[in-house]
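Trainee: Sequence:
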Amino acid sequence: MLDLELRYEDGTTACRQVSLPLEIGRSPQCGLRLAAWRVAKRHARIERRPDGAFIDDFGSLGGTLVNGRRISQYGPLLMGDEVIIGPCLIRVRAAPQPLPAQQPSLPQDASPQSGLPAPAAGSSGVPAPSPESAQAQGRAIGDAHASAVDACERLALAAAATQEAQDGELGVLLQHRRRLHKALLKALDLRRRDVAALSDAALRAEAQAVLGDIVHNDPQLPASVNRQALLLDVVNEAVGLGPLEPLLADASISEIMVNRHDEIFIESQGRLRRHPSGFSSEQAVLGVIERIVSPLGRRIDESSPMVDARLRDGSRVNAVIPPIALRGASLTIRKFPQHRPSMDDLLRVEALDVCMRDFLQACVAGRKNIIVSGGTGSGKTTLLNVLSNCIPEGERIVTIEDAAELRLNHRHLVTLEARPPNLEGRGRVEIRDLVRNALRMRPDRIVVGECRGGEAFDMLAAMNTGHEGSLTTLHANSPRDALARLETMILMAGMDLPLAAVREHIASSIDLLVQQVRAGDGKRFISAIVEVTGMESGRIQLQPLFAYQAGPPAAFAGCGVMPDFAARDDGGVFGQMDPGLFSQRTVLGRGSASLCPAQAS
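The sequence shown lines up with residues 1 to 601 when you count with my numbering.
Heads up, a few of these hints could be off.
Computed beta-carbon distance windows for the label pairs [stated by the list, open to error]:
hint: 1; residue 1: L326; residue 2: A461; range: 40 to 46 Å
hint: 2; residue 1: A209; residue 2: Q73; range: 33 to 39 Å
hint: 3; residue 1: M535; residue 2: R436; range: 25 to 31 Å
hint: 4; residue 1: F58; residue 2: S508; range: 54 to 60 Å
hint: 5; residue 1: P552; residue 2: A251; range: 44 to 50 Å
hint: 6; residue 1: G551; residue 2: E206; range: 45 to 51 Å
No wet-lab data here; the hints were simulated from the structure. Since we're looking at a predicted model, the values are computed, not measured. All residues carry an ideal CB built from backbone N, CA and C; glycine is no exception.
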């Protein structure tokens, strides 16, 4: 028998003792019927095996979760295990013991050693055990299995008790944080105080002093609580960014993801992991989001539940709140280091090799139009910033972005940023409007942070009408996909042009496509540099110049072909370029690279 406790989403509970095997599903023929759309007709089955009770999922769409993890098979079930199927949580109150091990029965005329006829009486051989000794051996093995199972159950119960204790302590700590937070706001009376007149440092110092008195005179705080850490957490949440403060200060963290107020994930060294910190409540997350977007003139509410913003250090922020965020307010912060990478930094981390570096620097100096394409988080903006810093001094640069992220080391620089609509739905300024306006600002270079829509047409028009050397990025998985996305975005601009004319426009505007990728281990690098050579038979032609070879060994390799614009340039930047630059192969190592002749493919 299996003793189960059933808990449903509507709050009802029930206890049942069931015999095995037990089928669970929506069908009336199932031993445990759960009438819900998330439950399949035959969802799962629990059956007894020699090692105990095992549960098998029949491949249902909703799946079966055991102790918070989706499983296809799990066992043996132990006391305290929690199984979630649709709207029902099934807690195991008592599980059956494993069956005692038994010796296999053999025919009387067979030997237990080899299956051959048993030796005759008086001949050499191992005598058959007596029935009494066989029963005693079986009982001993059964007792040993029972002891092992009991030990496993005790360990599982101890681990569950430890986890429950930790969760209980965290819950108690969050309650104290909420209570102290309210007391601090009441003491400061922030709504009536002129917060704008105070600097951040002055407001934080005053909040720490007020909260210090509250914590010192609070009789409800347990003696085991670290009061200094609790004070810092509450102050950060009241006048700062809460638990995000230490994460933003940690240089090893590149991205912060708040899925809900008590669930924070971080990216470090290219890997995602759960962080133990959290906000005290949903209202605390909303307060932090408001403190981020308000100084930028942005707003977020039920009528406009999404916002893109930035922090003071340039880090990118995206926030989504209910009603479209069903689990609660969500916040994503893409951090940008204080030290902006240079070409030498990219070379050091093997994001490219020496030949690719020299070629890209020559292309930027030679005023070639470049598009950096790649997936989300692949490093497109970082590479765009590095390429923009290769623009020679003395040229006028206009940058256009949704949220200002680029940091260029140029004196002659104009930075433009798009603007969302105001409360009345007016005043919206799109990137396309800024690109059009930039053409009247006498720019030598136009740098667009990312093309997402109709601004792609205006950007290509600028590239093709005297603003050579412009740079931008877009989302694409390959250089060929980047061209297809450009075609789609130009058609999105509402231009009634035939596809052949659109492709001619693209082919005459773009010189180079640089594909940026992010590997499974978190490493970001350039996977291909491709030249746009023109049109042939109605199709845009691409010529690979450099490519990443996965190996082993991994390497960057030139494709052995010099670009057409370099071959035509006799006295310019490319006139002195060594053709052998496109025939080298750089083998990648642990932080270092060795140069060797390219191998024929």
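Trainee: Note whether the CB distance of F58 and S508 lies within 54 to 60 Å or breaks it.
Mentor: holds, 58 Å
Trainee: Quick check on a hinted range of 40 to 46 Å for L326 and A461, using CB atoms only.
Mentor: holds, 42 Å
Trainee: At the C-beta level, are M535 and R436 separated by a distance inside 25 to 31 Å?
Mentor: holds, 27 Å
Trainee: Is the distance from the Cβ of G551 to the Cβ of E206 consistent with 45 to 51 Å?
Mentor: violated, 59 Å
Trainee: Range first: 33 to 39 Å. Now tell me if the beta carbons of A209 and Q73 are that far apart.
Mentor: Given range 33 to 39 Å: violated, Cβ gap about 59 Å.
Trainee: Determine whether the Cβ-Cβ distance between P552 and A251 falls within the hinted range of 44 to 50 Å.
Mentor: violated, 32 Å
Violated hints, listed in ascending order, are 2, 5 and 6; each of the other numbered hints is respected by the structure.
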